[in-house]
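Position chain P against the provided structure of chain C, taking the given hints into account.
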Amino acid sequence: MKLVGILLALAGWLLPVVALTLTQSLMARFILTVVGIMITLIGILAVLNKAHLQHAIWRKG
Amino acid sequence: MRFWERRNRCLWMAVAALLFCGLTAWAQNPAPAPATPAPAQATPAPAQAAPGPAMDTPLDVKAAQPPSTDELAKGDPGGIKTGTVSDVVAADTKKGLTLADIVNQAGQNRIAINFVWTLIAGFLVMFMQAGFALVETGLCRAKNANHTMMMNFMVYGFGLFAFWVCGFAIQMGGGAPYSTLGVINGLSSEYTINLFGKTWGLFGTHGFFMTHGGAYDVGAMVMFLFQMVFMDTALTIVTGAAAERWKFIAFAVSSVFMGAFTYPLFANWAWGGGWLSQLGANFSLGHGYCDFAGSGVVHAVGGLTALAVSLIIGPRIGKYDRSGKANAMPGHDIVLVLTGCFILAFGWFGFNPGSTLAASGNGALRIGSIAVNTMLAGCTGSFGAVLYMWMRYGKPDASMAGNGLLAGLVAITAPSGFVSTVGAAIIGVIAGVLVCLSVEFLERIIRVDDPVGAISVHGTCGLWGVISVGFFADGTSNYGGSWNGVNGSVTGLFYGDPSQLVAQLIGVGTLVGFVFAFSYVANWLIDVIVGQRVPAVDELQGLDIPEMGALGYPEFVLREEAEMGVAGD
Chain C
1 MKLVGILLAL
11 AGWLLPVVAL
21 TLTQSLMARF
31 ILTVVGIMIT
41 LIGILAVLNK
51 AHLQHAIWRK
61 G
Chain P
1001 MRFWERRNRC
1011 LWMAVAALLF
1021 CGLTAWAQNP
1031 APAPATPAPA
1041 QATPAPAQAA
1051 PGPAMDTPLD
1061 VKAAQPPSTD
1071 ELAKGDPGGI
1081 KTGTVSDVVA
1091 ADTKKGLTLA
1101 DIVNQAGQNR
1111 IAINFVWTLI
1121 AGFLVMFMQA
1131 GFALVETGLC
1141 RAKNANHTMM
1151 MNFMVYGFGL
1161 FAFWVCGFAI
1171 QMGGGAPYST
1181 LGVINGLSSE
1191 YTINLFGKTW
1201 GLFGTHGFFM
1211 THGGAYDVGA
1221 MVMFLFQMVF
1231 MDTALTIVTG
1241 AAAERWKFIA
1251 FAVSSVFMGA
1261 FTYPLFANWA
1271 WGGGWLSQLG
1281 ANFSLGHGYC
1291 DFAGSGVVHA
1301 VGGLTALAVS
1311 LIIGPRIGKY
1321 DRSGKANAMP
1331 GHDIVLVLTG
1341 CFILAFGWFG
1351 FNPGSTLAAS
1361 GNGALRIGSI
1371 AVNTMLAGCT
1381 GSFGAVLYMW
1391 MRYGKPDASM
1401 AGNGLLAGLV
1411 AITAPSGFVS
1421 TVGAAIIGVI
1431 AGVLVCLSVE
1441 FLERIIRVDD
1451 PVGAISVHGT
1461 CGLWGVISVG
1471 FFADGTSNYG
1481 GSWNGVNGSV
1491 TGLFYGDPSQ
1501 LVAQLIGVGT
1511 LVGFVFAFSY
1521 VANWLIDVIV
1531 GQRVPAVDEL
1541 QGLDIPEMGA
1551 LGYPEFVLRE
1561 EAEMGVAGD
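In order, the protein sequence lines correspond to chains C and P. For the first sequence, my numbering begins at 1 and goes up steadily by one. For the second sequence, my numbering begins at 1001 and goes up steadily by one.
Just chain C, same shape as in the assembly (with noise of 0.2 angstroms):
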């Protein structure tokens, strides 16, 4: 789960370094960005931390 997480995080700020060759457009550069920053959020907050948290010390006796 940890590198799907680091992966998610890789993808979403790859999405719009690669949009910028693919498109002129200034709104599709800036949906595809947002939409990477938010890829890139889910990798992290939920993912990685997620799977982080299955083995925090505080969930242990």
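The hints are simulated quantities; they were obtained by calculation from the structure and are not laboratory data. Treat the hints with care, as some may be off.
Covered by chain P, according to a simulated footprint, are these stretches of chain C (three or more residues, beta-carbon under 8 angstroms) [to be verified]:
hint, segment
1, 3–10
2, 16–22
3, 34–48
Here a beta-carbon is modelled for each residue, glycine too, at the ideal position from N, C-alpha and C.
Relative to the frame of chain C, chain P by itself:
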């Protein structure tokens, strides 16, 4: 009674809403006409003008009425005889003073002013390390005071060493010319790749050990000092979020890595001529990624690395009970905290105005505006945080007031050189509220333990600062007529250029996507090799003895957490 409390709250909210609406309306006012270019650039000398005196012709200095030797012997209590034509150095004393000497002296004076300005600003930023040390130590428990203080102390040395070895070269080794500091042509070798028909700058290759590739240069030394203290600010952010449970050896390795690679890489992309700074020139996105003094480069990089390390090492013992409910673990000295905040606010006057790297020429007189923006955003940041805490919890929380001040300062760091005072005030107050929301979100929703609020102050508000440039840049700044190779002034969405916002968002995406992932992987490797977290028994005892060998406060009687009302497992 409840009626009155409710009424008070409504009143507060109404005042805040009115203030916000009023300020927003002010910010939406059309910007004044763009700054006129410097006269020197605007009007070339007419071709038919009479030729001036030859540069090497000796001048009649008597016409300037320099003070005589007898007059100088009497002293100069009024300061009117010091600094005259007599003080201009002639290249050939036998020949006497020439026009060439005067012109060269004028050039050197400009660079000298910029050197001194940048160096003093750098010294102020260096002193911020003391502020960070006080804030972080005060917000930690007394049993970890020595350990927390030592991390803040040693991060200076670890970071400096790594930056000298390779960090500076990676960051600034390809970004020349740096015209305000005398060009520094030695630092002009950027490693680039060609992708999709565009050139993408990735890292600099000159300046290793400050000797390689022409870096043994007076201007390069000034640049090194200034950039080094910025880098160290980013490093010291991580020590706060990981405090009270971070192995000292892991901290040392992590800090050296960050000073050598993580920070310089992103700083190159933003400030050293790298691909983010070229988004304007290559892809017509405003002026490219604009980060005047480092909300993103310094604070978000530090805050996101802090988040990565915090995830890896996990929360402190006792921070959460078995149901996941957060317990308060108050710091031991609010006096240290607020004193540290004041020191940081003072140092920020080096951080933001100093980032012009000049006090003479290239529109650098905007330093006055930048300084006012800085103090204003800090003020409204603490105002926003206090107002939020007062309304939500009934008391103006002191530590969050300090964090609100820092949040405002962090947020204004990127836009400080591009926005008006009204924009600065709005950016600051939003940051002040944002930091409170972020602290609550991290602590209660995603359960990331950050003892000092570093991730929220520097990470969240750093990202907000980067975005705010895309909204509030008012198009009046003029630093030599262009920024990041694009002519004209940086202008945000509210003043007519939506493409600048997209450039800023791509910077945000790079910070949360690339920088976080890079930091996470590096610190995960450190965790595998040396281990990031101290043993539980050491953590319960406090890290001063197990990690440092001495207590921070040897004469204190330290109480157990249970006595102080902190519920453990």
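Now the hints, each set against the structure:
Residue count for the segment 3–10 of chain C with a Cβ under 8 angstroms from a Cβ of chain P: 3. That meets the three needed, and the coverage hint holds. For the segment 16–22 of chain C, the assignment as covered by chain P holds, since 4 residues bring a beta-carbon within under 8 angstroms of that chain's beta-carbons and 3 suffice. Closer than 8 angstroms: that is the beta-carbon criterion, and the segment 34–48 of chain C has 8 residues meeting it against chain P, so the requirement of 3 holds.
Against the hints set out earlier in the document, no violation occurs for any number.
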